[in-house]
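Q: Protein sequence lines, in the order shown, are assigned to chains A and B.
Residue numbers for the first sequence follow UniProt numbering, so the first one is 1 and each next one is one higher.
Residue numbers for the second sequence follow UniProt numbering, so the first one is 1 and each next one is one higher.
Quick caveat, the hints were computed from the structure, so don't treat them as lab data.
It is possible that some hints are incorrect.
Far from chain B, by Cβ distances over 12 angstroms, these chain A residues were calculated [claimed, not checked]:
| hint | residue |
| --- | --- |
| 1 | 34 |
| 2 | 60 |
| 3 | 66 |
| 4 | 259 |
| 5 | 263 |
| 6 | 277 |
| 7 | 308 |
| 8 | 328 |
| 9 | 614 |
Computed list of lysine-lysine pairs in DSS-like fashion (alpha-carbon distance at most 25 angstroms, straight line) [claimed, not checked]:
| hint | chain 1 | residue 1 | chain 2 | residue 2 |
| --- | --- | --- | --- | --- |
| 10 | B | 125 | A | 326 |
| 11 | A | 306 | B | 27 |
| 12 | B | 68 | B | 10 |
| 13 | B | 42 | B | 77 |
| 14 | B | 10 | B | 102 |
| 15 | A | 287 | B | 125 |
| 16 | B | 102 | A | 306 |
Beta-carbon label-pair distances, calculated as ranges [said to hold, decoys possible]:
| hint | chain 1 | residue 1 | chain 2 | residue 2 | range |
| --- | --- | --- | --- | --- | --- |
| 17 | B | 102 | A | 660 | 21 to 31 angstroms |
| 18 | A | 645 | B | 87 | 49 to 59 angstroms |
| 19 | B | 74 | A | 656 | 54 to 64 angstroms |
| 20 | A | 337 | B | 64 | 45 to 55 angstroms |
| 21 | A | 658 | B | 64 | 42 to 52 angstroms |
| 22 | B | 120 | A | 656 | 12 to 22 angstroms |
| 23 | A | 660 | B | 120 | 14 to 24 angstroms |
| 24 | A | 266 | B | 77 | 52 to 62 angstroms |
Nothing here was measured: the structure is a model prediction, and the numbers come from that model.
Each residue gets a CB set at the ideal place from its N, CA and C atoms; glycine is no exception.
Below are the chains, spelled out letter by letter.
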Amino acid sequence: MDQGSAAGTGGTFISLSDTEQRCYSGLYALCQPDSSGKLAAGKVAELFRASQLPAETLHQVTEVCGAKRLGYFGCGQFYVALKLMAAAQAGLPVRLESVAGELPLPLFIGITNELEMRYPNHPSTNESQPHILGSLTGSAPRPPADRPVLRHPDTSTDKQEAWSPPRSPGISPPRSPSAYRSYPYGAQRNGTDTLLAYDGKVAGCPSVPQENSSPSHYSLKLQPEQPVITRVASVERLVERAEMDYSDDPWRITEEQHEYYTNQFRSLQPDLSALIMGTVAKNFFTKSKLPIPELSHIWELSDVDKDGALTFPEFCTAFHLIVARKNGYTLPETLPATLRPGFVEPGVVPAPPSEATEPLIVFDDNMMPGANQLEMGSVDLQMTSRPGVTSKQDTRDESRKPEFSPKRIPDPHEKPIQHVSTLKPDSPQELDANMKSRTRPRSYSSTSIDDAMKKVEEPPTPPPRPQKTHSRASSLDLNKLFQQSAQGSRPSQHSLSAKSGWLPRPPALPPRPPATQIFSFLPGSEKSSQKAVQQANFADFSKFREEQESSVRGGLSTEDLAPPKLDSTLRHQGHAPQKPVRRKLHPESQSATPPSAAPYSAATLTKSTQRPPPKQKREIQMAIRKNRETNAVLTRLNSELQQQLKVVHRERVTLESQLELLRPVAST
Amino acid sequence: MAVCIAVIAKENYPLYIRSVPTQGELKFHYTVHTSLDVVEEKISGVGKALADQRELYLGLLYPTEDYKVYGYVTNSKVKFVIVVDSSNTSLRDNEIRSMFRKLHNSFTDVMCNPFYNPGDPIQSKGHQTAQTHLPGNF
Numbered sequence: 001m002d003q004g005s006a007a008g009t010g011g012t013f014i015s016l017s018d019t020e021q022r023c024y025s026g027l028y029a030l031c032q033p034d035s036s037g038k039l040a041a042g043k044v045a046e047l048f049r050a051s052q053l054p055a056e057t058l059h060q061v062t063e064v065c066g067a068k069r070l071g072y073f074g075c076g077q078f079y080v081a082l083k084l085m086a087a088a089q090a091g092l093p094v095r096l097e098s099v100a101g102e103l104p105l106p107l108f109i110g111i112t113n114e115l116e117m118r119y120p121n122h123p124s125t126n127e128s129q130p131h132i133l134g135s136l137t138g139s140a141p142r143p144p145a146d147r148p149v150l151r152h153p154d155t156s157t158d159k160q161e162a163w164s165p166p167r168s169p170g171i172s173p174p175r176s177p178s179a180y181r182s183y184p185y186g187a188q189r190n191g192t193d194t195l196l197a198y199d200g201k202v203a204g205c206p207s208v209p210q211e212n213s214s215p216s217h218y219s220l221k222l223q224p225e226q227p228v229i230t231r232v233a234s235v236e237r238l239v240e241r242a243e244m245d246y247s248d249d250p251w252r253i254t255e256e257q258h259e260y261y262t263n264q265f266r267s268l269q270p271d272l273s274a275l276i277m278g279t280v281a282k283n284f285f286t287k288s289k290l291p292i293p294e295l296s297h298i299w300e301l302s303d304v305d306k307d308g309a310l311t312f313p314e315f316c317t318a319f320h321l322i323v324a325r326k327n328g329y330t331l332p333e334t335l336p337a338t339l340r341p342g343f344v345e346p347g348v349v350p351a352p353p354s355e356a357t358e359p360l361i362v363f364d365d366n367m368m369p370g371a372n373q374l375e376m377g378s379v380d381l382q383m384t385s386r387p388g389v390t391s392k393q394d395t396r397d398e399s400r401k402p403e404f405s406p407k408r409i410p411d412p413h414e415k416p417i418q419h420v421s422t423l424k425p426d427s428p429q430e431l432d433a434n435m436k437s438r439t440r441p442r443s444y445s446s447t448s449i450d451d452a453m454k455k456v457e458e459p460p461t462p463p464p465r466p467q468k469t470h471s472r473a474s475s476l477d478l479n480k481l482f483q484q485s486a487q488g489s490r491p492s493q494h495s496l497s498a499k500s501g502w503l504p505r506p507p508a509l510p511p512r513p514p515a516t517q518i519f520s521f522l523p524g525s526e527k528s529s530q531k532a533v534q535q536a537n538f539a540d541f542s543k544f545r546e547e548q549e550s551s552v553r554g555g556l557s558t559e560d561l562a563p564p565k566l567d568s569t570l571r572h573q574g575h576a577p578q579k580p581v582r583r584k585l586h587p588e589s590q591s592a593t594p595p596s597a598a599p600y601s602a603a604t605l606t607k608s609t610q611r612p613p614p615k616q617k618r619e620i621q622m623a624i625r626k627n628r629e630t631n632a633v634l635t636r637l638n639s640e641l642q643q644q645l646k647v648v649h650r651e652r653v654t655l656e657s658q659l660e661l662l663r664p665v666a667s668t
Numbered sequence: 001m002a003v004c005i006a007v008i009a010k011e012n013y014p015l016y017i018r019s020v021p022t023q024g025e026l027k028f029h030y031t032v033h034t035s036l037d038v039v040e041e042k043i044s045g046v047g048k049a050l051a052d053q054r055e056l057y058l059g060l061l062y063p064t065e066d067y068k069v070y071g072y073v074t075n076s077k078v079k080f081v082i083v084v085d086s087s088n089t090s091l092r093d094n095e096i097r098s099m100f101r102k103l104h105n106s107f108t109d110v111m112c113n114p115f116y117n118p119g120d121p122i123q124s125k126g127h128q129t130a131q132t133h134l135p136g137n138f
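Kindly generate the complete structure, drawing on both the sequences and the hints.
A: Next comes the structure, spelled out in structure tokens:
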């Protein structure tokens, strides 16, 4: 086989550039030359058809190159034919003269792989041709005839070998990033090519014959859609994809990559507008097996708002930097402009390449085996949706948190549990259930009142008794209230337990006794009992009534209740100023007693209402009224507490200033 | 102007120390180390008061004939120490304060990085560049 730098046809000397030479050699080999160097006509015809030139042009080419005359395609004729086809594709007439100059490589549409349709006809690249060859060779097992091709004296040996793994750097052992940088120029998206490329990369330069076998090995892999891919190949396929972008810029995110990053982001955080917390991102990016200082540097580059969390653009940036780093690109010192979160890709259309997402997802699954044992646990939770109890609890926690965080940044402690957000069908349900469960303590107006009303009917209303617990609770009122509530709880334990379980829970809960007083007034039937309660409190509250009224007038926007209710409210609010000190000492008693007092009086209330049997409408109205009253009470108490806080704060400031004066003056 | 900048952890070991290499870094390390005593004295003096009462900027810790040492402590007991050449008398207190503020900002940025374990030496390049951008710095 004449692999000289020139191909002669009837004496015409046509010079081939190195790239062309390599390409043509590969094509030549593809066409299955027999022992004498003649090419198989079928293969040649196939190749010619792949060039997508009109038949007439092909005839012309065949004629000009001399094959027609000879009756077969020898090496020289083949080369000339290739050059003529290149010229034809470039628009030049099919003449020998036109091939004298520098021409782009002829473009052959792949006969086996439709992905090659995307190949641009880059004049500068020598990879477009190898890629086609790669696909072609992919379909055809590499015969040993390739071996003679490989024995090329110059470095093109490696390049030729690079055809079967088309994108292997091959040339020089130190695979510098510059070698990688040349690849994006090809802008190839052939999955098979990438696969082959990485096999070449993996094999490394040294063993050429070994690489020879690898193409055949990988050609087998080409046909099935990669369920059996090794981790390295899949990872590098992803990395290969990451390299490729349409504008030759390694720092630009392509659509495929963007789509992939979106999927990854969703796996960590279902809402694209929310943040990924630092620990979560750390665990995720640690799976990429990059050293920690580099990951740290990547984080610094990508977290532009320096908040310790990643927004979606920041996440894309970080992911892209990681991918680039894995490809061998050195990390920049500053963030490239194309990776800034504010950068908008012109004309970005989220293309759904199905064949792209599948191998990309393989990346993640295949990362799992390589991940840390520690991360394996979390990753298992993440990737495999376990509908176990633990995960449900996690989602419950997770769903609970968003309620509390209006900024939609879940609690950092909950963030690792967010991994289980893959339970997407479960989580909405969980969310609803949990919202109900959580809102129940908050909106105690909804069910609690009904429960309370039911409870009220059962217990009698004994006079308040001094409570033996909380000896420091000097106020008899509290004790009485507690006693009332305790008595109220005994008859109706089942409903009260549900309530008392969470009624004391709200920490800043105001004293419920005002509510009880109000409730008692509403039906008007339990006035005797409530009066007893009132009278018990009366002694303590009356003196603070004025103070309460003054505080109430202080800009409260609650609706005015009936005067008796107001009095009772005020009286009970006298609790609050009455013991500012005591509250500090035993807040729990105070908070415990008011809520417990509430159900009791509410129970009495319901009893009265249910005497006229089906007065549901009335119940609802009373419930509404009770809610309003409770709101009013709470607002008043809130304002009052705030005033107290101000007072205390003022005291504190004065004390501190005094302390400052007394302190030895230090030089500042 | 500032010849040495040091970030000292809560346990009084340095997280980051960087000095102009002209005068022997060991000397500055020693100075910073001794200044820690002064810092401790200052922050323990106000220990009885609440933490928010204490000023973060500690001011001039002690002057020597060659240089002055300024200190700053955060609420998490991380200390910043800046050693300034005494010949720069034009360096005002406000400038020192602004230097500390920038130092604090870059330190919090480092802390925000989830890959940084608190207590590790600070190897962040961003942090280093922030140091160089301090006014009149190396």
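Q: Each of the hints needs a verdict: does it hold here or not?
A: A quick look at each hint next to the structure:
1. 34: The claim stands: residue 34 of chain A keeps its Cβ more than 12 angstroms from every Cβ of chain B (closest is about 60 angstroms).
2. 60: 62 angstroms, holds
3. 66: 63 angstroms, holds
4. 259: Holds, since 25 angstroms exceeds 12 angstroms.
5. 263: Nearest chain B Cβ is 22 angstroms from residue 263 of chain A, so the label holds.
6. 277: 8 angstroms, violated
7. 308: 4 angstroms, violated
8. 328: The claim stands: residue 328 of chain A keeps its Cβ more than 12 angstroms from every Cβ of chain B (closest is about 20 angstroms).
9. 614: Label holds. Min Cβ-Cβ 60 angstroms, cutoff 12 angstroms.
10. B:125 <-> A:326: 20 angstroms, holds
11. A:306 <-> B:27: Not satisfied, since the Cα-Cα distance of roughly 35 angstroms exceeds 25 angstroms.
12. B:68 <-> B:10: Distance of about 22 angstroms is within 25 angstroms: holds.
13. B:42 <-> B:77: 12 angstroms, holds
14. B:10 <-> B:102: 19 angstroms, holds
15. A:287 <-> B:125: 23 angstroms, holds
16. B:102 <-> A:306: It holds: about 14 angstroms lies between the C-alpha atoms, which stays within 25 angstroms.
17. B:102 <-> A:660: 21 to 31 angstroms: Check passed, 29 angstroms falls within 21 to 31 angstroms.
18. A:645 <-> B:87: 49 to 59 angstroms: Since the Cβ atoms of residue 645 of chain A and residue 87 of chain B sit about 52 angstroms apart, the hinted range of 49 to 59 angstroms holds.
19. B:74 <-> A:656: 54 to 64 angstroms: Taking Cβ atoms as reference, residue 74 of chain B and residue 656 of chain A lie about 21 angstroms apart, which means the hint is violated.
20. A:337 <-> B:64: 45 to 55 angstroms: Roughly 47 angstroms apart at Cβ, these two residues keep to the hinted range, so it holds.
21. A:658 <-> B:64: 42 to 52 angstroms: 36 angstroms, violated
22. B:120 <-> A:656: 12 to 22 angstroms: 37 angstroms, violated
23. A:660 <-> B:120: 14 to 24 angstroms: 38 angstroms, violated
24. A:266 <-> B:77: 52 to 62 angstroms: 40 angstroms, violated
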